[in-house]
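Chains as they are written, first to last, in the numbering used here: chain A, 1 to 114; chain B, 1001 to 1112.
Hints listed in this document are in silico derivations from the structure and should not be mistaken for laboratory results. Be aware that a few hints might be false.
[To be verified] If the Cβ cut is set under 10 Å, some of the chain B residues that face chain A in the computed set are:
no.: 1; residue: 1030
no.: 2; residue: 1040
no.: 3; residue: 1048
no.: 4; residue: 1050
no.: 5; residue: 1054
no.: 6; residue: 1090
no.: 7; residue: 1100
no.: 8; residue: 1102
Where a beta carbon is used, it is the ideal one built from N, C-alpha and C, also for glycine.
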Amino acid sequence: DVKVTQSSRYLVKRTGEKVFLECVQDMDHENMFWYRQDPGLGLRLIYFSYDVKMKEKGDIPEGYSVSREKKERFSLILESASTNQTSMYLCASSLPVNRNSPLHFGNGTRLTVT
Amino acid sequence: SQQGEEDPQALSIQEGENATMNCSYKTSINNLQWYRQNSGRGLVHLILIRSNEREKHSGRLRVTLDTSKKSSSLLITASRAADTASYFCIKRSQGGSEKLVFGKGTKLTVNP
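Chain A extracted, bound-state conformation (with noise of 0.2 Å):
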């Protein structure tokens, strides 16, 4: 089975601070996948990586930053958090859209920053 993993179920961080959110991925996925969810938002996509070192901007993608340096690892930034960035974050990926195959999520990291 495809395995997503967020490095924290729960992160507090203070406003101001820069944090890293990690996922790695275990099956060789060229596709990764970053989200945020807010009630009544739904699922917002902040950027994604369709190959190492490549990166492309999502819907909301300000103040935020990714890093994919390998396949398997693809790392959210928050540069400066604000309390508007406090959230459910979840991390997914998949095969190439012609592969037919479906997204696999992680658990998600819940982030508060005070």
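Position chain B relative to chain A; hints supplied.
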């Protein structure tokens, strides 16, 4: 983007009843996928249906696809309290972007 729009936004039923939720989309697809999310957890893949398929089953789940109407339905039969969750659809298009955007989902509550 490859967004699916789920309908209704919320659904409340009694245990044992069937639950039906719908997904509409706007452009042609390669496949459409349904996911479940239990509260506070990641999403779990339920069923993938390809564009040349009309119906697919998995246990108590039945998914239909009508490409002429650009819509799909997820039916959960004989629902249980454990089916309480949010359900999302997403479509993937051949030659489309790898960018995957989810709708807000259908929040299903099954009352014991």
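Results of checking the hints against the structure:
1. 1030: This hint holds: residue 1030 of chain B lies near chain A, its Cβ roughly 7 Å from the closest one there, short of 10 Å.
2. 1040: holds (7 Å)
3. 1048: holds (6 Å)
4. 1050: holds (6 Å)
5. 1054: It is violated, given that the least Cβ distance between residue 1054 of chain B and chain A is near 16 Å, above 10 Å.
6. 1090: Interface hint status for residue 1090 of chain B: holds (8 Å vs cutoff 10 Å).
7. 1100: holds (6 Å)
8. 1102: Where the cut-off is 10 Å and the nearest Cβ of chain A is about 4 Å from residue 1102 of chain B, the hint holds.
Violation of the numbered hints given earlier is confined to hint 5; every other hint is satisfied by the structure.
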